[in-house]
Amino acid sequence: MTAMQIVFILTAVVTLFAALRVVTTPNMIHAALWLIVALFGVAVFYLLLSASFLAMAQIIVYIGAIAILMMFVIMLTRREMRDRGPQTGPQWKWAAILSALLFGGLVWMVKSVSLPASPVAEVPESSIADLGRALVSPNGFVIPFEVASVLLLAALIGAVYVAWTRRNS
Amino acid sequence: MGILSQPIGVIAEWLRNLFLGWGLSEGLTTVLLYLIGAGVLATLVQVWVIFLIWFERKIIGRFQDRLGPNRVGPYGLLQPFADLIKIITKEVIIPRDADKAVYLLGPIIMDAGVLAIWAVIPLMPMVGMDVNVAALYTIAVGAFATLGILMAGWASNNKFALLSAFRTVAQMISYEVPTVLALLIPVMLAGTMSLQGIVEAQHVWYIVFAPLAFVIYFIASVAEVGRTPFDLLEAESEIVAGFHIEYSGMVFAIFYVGDFLHAFTIGALGAVLFLGGWRGPGAETFPLLGLLYLWIKAFLVYFLVVWARGSLPRVRIDQMMDFSWKFLTPLALILLVVAAVLDHFVMGFGMWGRALSHFAANVVIAVLTLRYLDHYDKVRESKRRMVAQPGQYPVARPPVPVETSTEAAS
Numbered sequence: 058m059t060a061m062q063i064v065f066i067l068t069a070v071v072t073l074f075a076a077l078r079v080v081t082t083p084n085m086i087h088a089a090l091w092l093i094v095a096l097f098g099v100a101v102f103y104l105l106l107s108a109s110f111l112a113m114a115q116i117i118v119y120i121g122a123i124a125i126l127m128m129f130v131i132m133l134t135r136r137e138m139r140d141r142g143p144q145t146g147p148q149w150k151w152a153a154i155l156s157a158l159l160f161g162g163l164v165w166m167v168k169s170v171s172l173p174a175s176p177v178a179e180v181p182e183s184s185i186a187d188l189g190r191a192l193v194s195p196n197g198f199v200i201p202f203e204v205a206s207v208l209l210l211a212a213l214i215g216a217v218y219v220a221w222t223r224r225n226s
Numbered sequence: 006m007g008i009l010s011q012p013i014g015v016i017a018e019w020l021r022n023l024f025l026g027w028g029l030s031e032g033l034t035t036v037l038l039y040l041i042g043a044g045v046l047a048t049l050v051q052v053w054v055i056f057l058i059w060f061e062r063k064i065i066g067r068f069q070d071r072l073g074p075n076r077v078g079p080y081g082l083l084q085p086f087a088d089l090i091k092i093i094t095k096e097v098i099i100p101r102d103a104d105k106a107v108y109l110l111g112p113i114i115m116d117a118g119v120l121a122i123w124a125v126i127p128l129m130p131m132v133g134m135d136v137n138v139a140a141l142y143t144i145a146v147g148a149f150a151t152l153g154i155l156m157a158g159w160a161s162n163n164k165f166a167l168l169s170a171f172r173t174v175a176q177m178i179s180y181e182v183p184t185v186l187a188l189l190i191p192v193m194l195a196g197t198m199s200l201q202g203i204v205e206a207q208h209v210w211y212i213v214f215a216p217l218a219f220v221i222y223f224i225a226s227v228a229e230v231g232r233t234p235f236d237l238l239e240a241e242s243e244i245v246a247g248f249h250i251e252y253s254g255m256v257f258a259i260f261y262v263g264d265f266l267h268a269f270t271i272g273a274l275g276a277v278l279f280l281g282g283w284r285g286p287g288a289e290t291f292p293l294l295g296l297l298y299l300w301i302k303a304f305l306v307y308f309l310v311v312w313a314r315g316s317l318p319r320v321r322i323d324q325m326m327d328f329s330w331k332f333l334t335p336l337a338l339i340l341l342v343v344a345a346v347l348d349h350f351v352m353g354f355g356m357w358g359r360a361l362s363h364f365a366a367n368v369v370i371a372v373l374t375l376r377y378l379d380h381y382d383k384v385r386e387s388k389r390r391m392v393a394q395p396g397q398y399p400v401a402r403p404p405v406p407v408e409t410s411t412e413a414a415s
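The listed protein sequences correspond, in order, to chains A and B.
The letter at position 120 of the first sequence is residue 177 when you use the numbering used here, and the numbering goes up by one with no holes.
The letter at position 37 of the second sequence is residue 42 when you use the numbering used here, and the numbering goes up by one with no holes.
A few of these clues could be false.
A few chain B residues facing chain A, derived, Cβ under 10 Å [what the hints assert, rightly or not]: (1) Val107; (2) Leu109; (3) Leu110; (4) Ala195; (5) Gly196.
To be clear, the hints were calculated from the coordinates, so they are not data collected in a lab.
Backbone N, C-alpha and C fix where the C-beta goes; we use that ideal spot for every residue, glycine too.
Okay, chain A solo, but in the shape it has when bound (with noise of 0.2 Å):
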């Protein structure tokens, strides 16, 4: 077993658990804490797959922005912070079902694909560039890239707007 492996293990590992941890623990800032770990978890698998730029994303984005707002949220909202209600919801039924088919058929999809059994190509070093080039490209994803754009933009100036105190009204 190589270093790699055993480095895979141990974040697959601590991943699921936080996972885990994250619908079963009563208390809403730490499950947003185990969340931020299996995020983290999925940030070092990024990097285990050389794809450093997007490992960097998910910190960035995910850890950085979202989940602090989520914690900023609870703190906010909550009185108690400890929440001693029942932790399933009242369609917890159909909850299950759903995300057992969804197990059941990532798990068809992933058994059904022949994966090779050693790398296909090489990963190239300077990735970044060609990611760049890709975004802007007209032959690339210029199109999605600024939609994407436009969509965020939409949501700041909602936002702005939300939060606007209008005077002399």
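Given chain A, work out where chain B should sit, using these hints.
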């Protein structure tokens, strides 16, 4: 390969042969070497904080017309060691209703986030992890410092600590935007996100290319560290001591070390991004000289941080937010666009031609900004409602007494 030309390489090679001689596998040896390297770097950098504490107390002392620590050892150099012994002997008190695990993890995560930045800082030529996303990485691990403070503030089960955690999040998320935008300018000029690559590309220091970006980077990073004038997260007069109010003993010391180290780290990052990192005469042949140059430059920036701490009052929270969103962010965006467009045209001008045209553009932007600020100030002044202010009379001025009696007497 001599010890002078490749000091780290020689030691690493010796250790590698030692481990291989013990019969360890190639992969395990590499992992072990990385672990040892990380451990040594993290330990040395944290021990360095002992000196930083002395330096800062001494400098702040001078700013306040005091001598600073001068009793223990020559020039008070041993004072931090005395403090260290004192703080180790103190009891670590955990509040009864605190969330124990999160409470203890908070300072560790905060400190780890700061230490992680050092993994990518190019200390000398050919030393330091040459990651091709290093510039982004420094921002990413910075998020962990925020997270640690947030965890500490919440887990303490104290309203002042929680308020401080809220302030921290608001401040750090706001100031992350100008930091990233200012950081993008050296990245764009060098054409790489690797910090080693950025240092190697600085035949002319980037502070000549982009002085305004350096200023924005400096201000925004001081705010990210939460130093005066942006120390709202531990404003003593408002929220007692902020997020570390419930911490004592060594657990508090970790916060303390993390704070000082963070301030020095932004100095080192500023030196790498704008002041040429390890560049200097003879650094290519003797890498240890490069380390010395980097250290001197980092200290220059760090001195600026301490200087600001010694001379500026704390800003109000609305002023702080306004400053980031209404001034620093737009200015950084303008600088980024101007630098990108200008660089396209002056690419062929040679090293100094390129640098000077960027510098000229920066001067023009600076003058325009100052003119605009002047104009903005005047407009705001004219719209201001008349309110009672010291030294001004909201109602008609009382008549000035005519001093005739003294003249008559003389």
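Q) Okay, which hints does this one fail, numbers in order? A) Result: hints 2 and 4 break, sorted rising.
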